[in-house]
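Which chain is which? The protein sequence lines are F and V, in order.
Its first residue numbered 1, the first sequence is counted upward by one per residue in the working numbering.
Its first residue numbered 1, the second sequence is counted upward by one per residue in the working numbering.
In short, the hints are calculated from the structure, not lab data.
Treat the hints with care, since some could be wrong.
[Stated by the list, open to error] With a cut-off of at most 20 Å between alpha-carbon atoms, the simulated SDA-like pairs for lysine to any residue come out as follows:
#1 F/LYS104 with V/ASN112
#2 F/LYS39 with V/ASP119
#3 F/LYS104 with V/THR122
#4 F/LYS127 with V/GLU97
#5 F/LYS104 with V/GLU97
#6 F/LYS204 with F/SER183
#7 F/LYS39 with V/GLU97
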Amino acid sequence: MTPENTQSPGQGATTVNTGLAHMLKGGVIMDVVTPDQAKIAEEAGAVAVMALERVPADIRATGGLARMSDPDLIQGIIDTVSIPVMAKARIGHFVEAQVLEHLKVDYIDESEVLSPADYVNHVDKSKFSVPFVCGASNLGEALRRITEGASMIRSKGEAGTGDVSEAVKHLRTINAEIARLTSMAEDELYVAAKELQAPHALVKQVAADGRLPVVTFVAGGVATPADAAMMMQMGADGVFVGSGIFKSGDPAGRAKAIVQATTHYDDPSVVTEVSRGLGEAMVGLNVADLPEPHRLAERGW
Amino acid sequence: MSPRIGVLALQGAVAEHVRALQAVGAEVSTVRRPAELAGLDGLVVPGGESTTMARLAAPTGLLPQIRSAHDDGMALFGTCAGMILMADDVSDAAALEGFERIGGLDIVARRNGYGSQLDSFTADLDVVGLDSPLPAVFIRAPVVESTGGEVEVLASAAERPVAVRQGRMMASSFHPELTEDHRLHALFVQLAGA
Numbered sequence: 001m002t003p004e005n006t007q008s009p010g011q012g013a014t015t016v017n018t019g020l021a022h023m024l025k026g027g028v029i030m031d032v033v034t035p036d037q038a039k040i041a042e043e044a045g046a047v048a049v050m051a052l053e054r055v056p057a058d059i060r061a062t063g064g065l066a067r068m069s070d071p072d073l074i075q076g077i078i079d080t081v082s083i084p085v086m087a088k089a090r091i092g093h094f095v096e097a098q099v100l101e102h103l104k105v106d107y108i109d110e111s112e113v114l115s116p117a118d119y120v121n122h123v124d125k126s127k128f129s130v131p132f133v134c135g136a137s138n139l140g141e142a143l144r145r146i147t148e149g150a151s152m153i154r155s156k157g158e159a160g161t162g163d164v165s166e167a168v169k170h171l172r173t174i175n176a177e178i179a180r181l182t183s184m185a186e187d188e189l190y191v192a193a194k195e196l197q198a199p200h201a202l203v204k205q206v207a208a209d210g211r212l213p214v215v216t217f218v219a220g221g222v223a224t225p226a227d228a229a230m231m232m233q234m235g236a237d238g239v240f241v242g243s244g245i246f247k248s249g250d251p252a253g254r255a256k257a258i259v260q261a262t263t264h265y266d267d268p269s270v271v272t273e274v275s276r277g278l279g280e281a282m283v284g285l286n287v288a289d290l291p292e293p294h295r296l297a298e299r300g301w
Numbered sequence: 001m002s003p004r005i006g007v008l009a010l011q012g013a014v015a016e017h018v019r020a021l022q023a024v025g026a027e028v029s030t031v032r033r034p035a036e037l038a039g040l041d042g043l044v045v046p047g048g049e050s051t052t053m054a055r056l057a058a059p060t061g062l063l064p065q066i067r068s069a070h071d072d073g074m075a076l077f078g079t080c081a082g083m084i085l086m087a088d089d090v091s092d093a094a095a096l097e098g099f100e101r102i103g104g105l106d107i108v109a110r111r112n113g114y115g116s117q118l119d120s121f122t123a124d125l126d127v128v129g130l131d132s133p134l135p136a137v138f139i140r141a142p143v144v145e146s147t148g149g150e151v152e153v154l155a156s157a158a159e160r161p162v163a164v165r166q167g168r169m170m171a172s173s174f175h176p177e178l179t180e181d182h183r184l185h186a187l188f189v190q191l192a193g194a
């Protein structure tokens, strides 16, 4: 992105907030459920941790509603690590977001991994000082989140599966939609904005820059160093790894390997070396085998 | 000939530094391996997570090799995390323990010295050598707790040094790469080319 766009992509996004996302680029953000796991993630080279009560694979396994984590848990993780701490609020749950801001988390993830609190509206993120990252499975969704004040986007993928195919699909979709905008005549961008259900000014900016105006990570199904390197080669700014690390046989080893593969994504010799002897990856679920109502990526609108 | 400047590209705000350096006329390359340091007049160590960068550099011993290249004449400019990696002393180094840093800059830095992301801020700074204020973006910035005798303070905010110079080293606790004002990069390219 061009630096001038860091100024104010959406109403709530400030230079310090979009800027923090720039500092995370080329890095791995890891889901952790305890201070001990947060320490392992930091020790492995994570650029940030996502504090939550259950990783997506366990949310799937246990079923029921998933909500914001206990403040004690989040506080415990903030007190344990020196890297940025993110935490999840339910889609549309602006009071959970207020609580997370009060706890001084560094980023709030308004996340489809939790059960939505509002099936129509997302949080008005422009009302907050703390930055937000939001999921998107296509360009229109990403632009609506940015309009609401998101400072960072992550493609959704399908969390808790270890199946990278949805992450690939969503990143390819967003990239293809951006490429299409860049080839359009200026007078076609009005209809494009209508179709994307996003503001024309933002659509025009994306068409001119050839990319989203905020840092874009990939999430949902990344489980191996090769998965992470593939997402980086496809143009991701960085990766979120959820269940993939702490649901595997050797979390510390796998976390380190994914960090190295994310930086040296274009060097197969490094990706090969770090992939050796990592033990069992998370067991995983085929997204195709998930009945539709259990697909988290369909939450968010 | 324009100075050849590298940007350490392990993690963080690499692209922004590349653009700023190009805008002020440097010939820019990225550095992830020790061999890529050859022939550079200067190297920018960008913002990002210092803990992550120290770990990514460890397998090839990249950071001590940056120090040797500096000792052989390569100029260094560290921003935020880069400043921490260049500092001789980091007062809360627990998460960096066991990992080599670049060192050489005679300051004591404290990571995230201003607080959490909610305490991140912007300010216009008077900088030695610039004739009008420089916009500066501080993001979970380090605090410079003290500076040694050889260190020249180029700018301060709230009575703390935020930009410093020592011989062929420059460092800032803020992010000059996130604004369109590239004058600090121009000062560095001038230093590197001298």
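Hint-by-hint comparison with the structure:
As the CA atoms of F/LYS104 and V/ASN112 are separated by approximately 13 Å, the hinted pair is consistent with the 20 Å bound. Between F/LYS39 and V/ASP119 the CA atoms are separated by roughly 23 Å; this puts the pair beyond 20 Å, and the hint is violated. For the hint linking F/LYS104 to V/THR122, the alpha-carbon distance of about 19 Å falls within 20 Å, and the restraint holds. Taking the CA atoms of F/LYS127 and V/GLU97, the gap is about 39 Å. The hint is violated against a cut of 20 Å.
A hinted pair counts as satisfied when its Cα atoms are at most 20 Å apart, and F/LYS104 with V/GLU97 does not qualify at roughly 26 Å. Simply put, F/LYS204 and F/SER183 have alpha-carbon atoms about 12 Å apart, close enough for the 20 Å limit, and the pair holds. Annotation: proposed proximity of F/LYS39 to V/GLU97 holds, straight-line Cα distance about 13 Å (limit 20 Å).
Hints 2, 4 and 5 from the list above are not met by this structure, while the remaining hints are.
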